[in-house]
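Novice: What follows is the residue order along each chain.
Number of protein chains: 2
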Amino acid sequence: MGKITGLHCVTCGSVYGSNQVDYTCPSCGPRLGTLEVRYDYDHLRKTLTREAFQDSGQLSMWRYLPLLPIESEEFIQPLRVGWTPLYSFPKLARELKLSALFVKDDGQNPTASYKDRASSIVVIKAQEKGKAVVTCASTGNAASSLAGFAAATPLKTIIFVPKTAPEAKVAQLLVYGARVFLVNGSYDVAYDLAAEAAEAYGWYNRSAAVNPYLVEGKKTGALELAEQMKWQPPDVVFVGVGDGSVISGVCKGFAELQTLGFIDKVPQVIGVQAETSAPIAAAFDAFDGQDVWFEDIEAHTVADSICVGKPRDVVKAVKSVSANGGRFVTVSDKAILSAIIDLARSTGVFGEPAGAAAYAGLLKLVNAGELAGKSAAVLITGNGLKDVASARKVIGKPITVEPSLRALEAHLP
Amino acid sequence: MGKITGLHCVTCGSVYGSNQVDYTCPSCGPRLGTLEVRYDYDHLRKTLTREAFQDSGQLSMWRYLPLLPIESEEFIQPLRVGWTPLYSFPKLARELKLSALFVKDDGQNPTASYKDRASSIVVIKAQEKGKAVVTCASTGNAASSLAGFAAATPLKTIIFVPKTAPEAKVAQLLVYGARVFLVNGSYDVAYDLAAEAAEAYGWYNRSAAVNPYLVEGKKTGALELAEQMKWQPPDVVFVGVGDGSVISGVCKGFAELQTLGFIDKVPQVIGVQAETSAPIAAAFDAFDGQDVWFEDIEAHTVADSICVGKPRDVVKAVKSVSANGGRFVTVSDKAILSAIIDLARSTGVFGEPAGAAAYAGLLKLVNAGELAGKSAAVLITGNGLKDVASARKVIGKPITVEPSLRALEAHLP
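So the protein lines, in turn, are chains A and B. Using our numbering, you'd call the opening residue of the first sequence number 1 and step up by one each time. Using our numbering, you'd call the opening residue of the second sequence number 1 and step up by one each time.
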């Protein structure tokens, strides 16, 4: 288990002990003061080997336990989280003029999204801290993963979702026994209510960004990608961006692997935002290398999981991507919806809109001729079954027929 | 790759070469004459070891290639099919007075159901046979898995579903680019139309039971269960039953492992049918050890994947379960719906109704005191996200609140 040396404020650099602060830097506050977990990398460099992960025998993200902030292994849930499949599509890569194309399908996590990587950690931290209730605000996936991972524990789950959350996601929450509040407002409004309630009632808050341990779970996608590629990660990695925590995690994962000497070269991480929900991309473009300036917006996009106008991890995301040498790209809703279809029909992977957004980002740069000859990976962060209504906007209709060959023949070429 | 020695008719025992017949025994016809694939077990006993599966390095059902009817490995799709997680729930087992309880979550297959195990094989066989089109009738899962596995191949997919198929399943088909016909009739009517069309137009038919290779894919769940339990399978295994192919596959898998000397004891396989869709259970109860007598019915149940009034693999299913020493149990729709909730809240696994039906069967026998002290496994054959509408019938409603602590407090205990 990773020995935490401190929690570092991404804005002022203050360092706190892991038992000193639960959420954000008291001086900088929730928005600016998100914390980053650091470990004793000198010690890890001497003691940890790449083989240790394989030798753990874990076919899940728990193979990276030495790099995770867990103190009590007994709280690890049995659900198989992470070690999701990485697919290579050489023919499609050639068509796109890439040297290689990889798709990592995180829709195959227990509750069908990347968020399981973070929730699995939070459920442990909550129990380590002796909490009885975990809460979060969520566009859907974070909450259903929290409810799923808490289901078989003594923890109670109280969830705040915007009233526009897709029905499948809300149903999933209720199935798992969570208490669900549909907040009359956007995700951003639900977020503030969850934080207030956690503070007022002593609940453990899993909402994005304020909880420093989320990014630790989210970094495991990068660790896996590198290991599954035999420690030769691709040139570029595409990931959809909402609050900024997933991309911060991905950047941190690659950076830690380089620090530990496990990879020579860090892939360029490319954040993909929906055009109409792109405040982090805007903040990144305005970044002067010192302070992160950002402006909240009214976001709207078909990709509900990345529909975030007031991104809570904007500072960490901008600094992480900048340090990584990465960048941002924005895509239209139309491009996202058509990427769902393109991806499914060329690979067999059905992603939810936010997952397909990453593929839309890749296609945009391919079409601009910016990726010729490069190797690329795309993180599909959620299963398409999570939001069938969106997919339905771009698929054709089934053909209703009477049960006879004659009726059928009228519809055959 | 498994060397097929013959295709054996389950009714008359005639043996055909694998290139001689595509579907069923010409003498016995489609209903009675389903074929069983057999291999050179003497040779396999001498050459195949349990370690070979692990040594293959495949974390998918392709680790069992020596027991699968594949001739051309180049047609294997990259999608990670099988090697789904097996969870142990000791606390829940104690509550249910079982010595152990295992849940195998096949909702974590690429298209989120057990059917991927069969479709992944059919897509290969179709290409080996030089077919351009694959077709099937399906209550939903078989079709979406066929469409998903065919997506990245040159095969075209033409699907027939009853007009009552859940929307998520139909959407999944269309996303993958299948041509979808909603047949004005039941699954049974759609089935006959698919068979007629396959015959008339030379398409390769993946509909349940007629295609002998489906059961080969479906047996891999049993192979995995045994291997994941270190070749000490549980006393009883519960599986939902519709057409009868999955349970035939599960029985065959265990039987082959015993034939090969890989397990000493075959677990008792218990088929679970919905009360109002239980023709195979009825045929099993009437079975005299010689001929299988069955009566088709008008089936209806909330568990759409096992809503089959005219089961196509009834002969094989009855004979397989009889040879296994297994049995059938029927459960009400109410019990199925409440099993969805019980399972999700006590394990974190959200199954679709047909998957939860298997758990309902276990609970029924637990309550009857018939499983005390036994170890049991339950196959969850589909992801709950496939049919959220059914789950919604038994979950509570979310609580809508204005975004203030005061509004919230009115709803807290």
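There may be inaccurate statements among the hints.
Since the list gives no way to pick one copy over another, a pair counts as held whenever it fits inside one copy or between any two copies.
Straight-line alpha carbon distances no greater than 25 Å define the calculated PhoX-like cross-link-like pairs of lysine-lysine that follow [to be verified]:
no., residue 1, residue 2
1, K131, K374
2, K393, K163
3, K163, K334
4, K163, K397
5, K129, K163
6, K3, K397
7, K3, K129
8, K91, K129
9, K91, K163
10, K374, K46
11, K364, K374
12, K364, K131
13, K334, K310
14, K91, K46
15, K131, K393
16, K156, K91
17, K393, K364
18, K393, K156
19, K374, K97
20, K374, K129
21, K91, K393
22, K91, K131
Derived from the structure by calculation, the hints contain no laboratory data.
Novice: Hint by hint, say whether it matches the structure.
Specialist: Going down the list of hints, with the structure as the test:
1. Proximity of K131 to K374 under the C-alpha cut-off of 25 Å is found in neither arrangement, the shortest distances being 47 Å within a copy and 35 Å between copies.
2. For the homomeric pair K393 and K163, the shortest alpha-carbon distances inside one copy (21 Å) and between copies (20 Å) are both at most 25 Å.
3. Taking the shortest alpha-carbon separations for K163 and K334, only the intra-copy value of 23 Å comes in at or below 25 Å, while the best inter-copy value is 29 Å.
4. In the homo-oligomer, the alpha carbons of K163 and K397 lie at most 25 Å apart only across protomers (12 Å), although the nearest pairing inside one protomer, at 28 Å, exceeds that limit.
5. In this assembly of identical chains, the alpha carbons of K129 and K163 never lie at most 25 Å apart, being 31 Å within a copy and 51 Å across copies at closest.
6. Proximity of K3 and K397 under a CA criterion of 25 Å is satisfied in neither setting, with 54 Å inside one chain copy and 42 Å between copies.
7. For the homomeric pair K3 and K129, the shortest alpha-carbon distance inside one copy (16 Å) is at most 25 Å, but the shortest distance between copies (57 Å) is not.
8. Taking the shortest Cα distances, K91 and K129 sit within 25 Å of each other only across copies (22 Å), while inside one copy they are farther apart (50 Å).
9. Taking the shortest Cα distances, K91 and K163 never come within 25 Å of each other, neither inside one copy (42 Å) nor across copies (36 Å).
10. Proximity of K374 and K46 under a CA criterion of 25 Å is satisfied in neither setting, with 33 Å inside one chain copy and 48 Å between copies.
11. Taking CA atoms no more than 25 Å apart as the test, K364 paired with K374 passes inside one copy only; the shortest distance there is 14 Å, against 57 Å between copies.
12. Neither within a single protomer nor between protomers do K364 and K131 lie at most 25 Å apart by alpha-carbon distance, with minima of 45 Å and 35 Å respectively.
13. Taking CA atoms no more than 25 Å apart as the test, K334 paired with K310 passes inside one copy only; the shortest distance there is 23 Å, against 44 Å between copies.
14. For the homomeric pair K91 and K46, neither the shortest alpha-carbon distance inside one copy (41 Å) nor that between copies (39 Å) is at most 25 Å.
15. Taking the shortest alpha-carbon separations for K131 and K393, neither the intra-copy value of 42 Å nor the inter-copy value of 32 Å comes in at or below 25 Å.
16. Taking the shortest Cα distances, K156 and K91 sit within 25 Å of each other only across copies (18 Å), while inside one copy they are farther apart (47 Å).
17. When the C-alpha separation of K393 and K364 is checked against a cutoff of 25 Å, the pair qualifies only within one copy, where the shortest distance is 21 Å, while the shortest distance between copies is 42 Å.
18. When the C-alpha separation of K393 and K156 is checked against a cutoff of 25 Å, the pair qualifies only between copies, where the shortest distance is 22 Å, while the shortest distance within a copy is 36 Å.
19. In the homo-oligomer, the alpha carbons of K374 and K97 lie at most 25 Å apart inside one protomer (8 Å), although the nearest pairing across protomers, at 57 Å, exceeds that limit.
20. In this homomeric assembly, K374 and K129 never come within 25 Å of each other (Cα to Cα): the closest approach is 45 Å inside a single copy and 36 Å across copies.
21. In this homomeric assembly, K91 and K393 never come within 25 Å of each other (Cα to Cα): the closest approach is 28 Å inside a single copy and 44 Å across copies.
22. Only between protomers do K91 and K131 lie at most 25 Å apart by alpha-carbon distance; the minimum there is 21 Å, versus 50 Å within a single protomer.
Hints 1, 5, 6, 9, 10, 12, 14, 15, 20, 21 from the list above are not met by this structure, while the remaining hints are.
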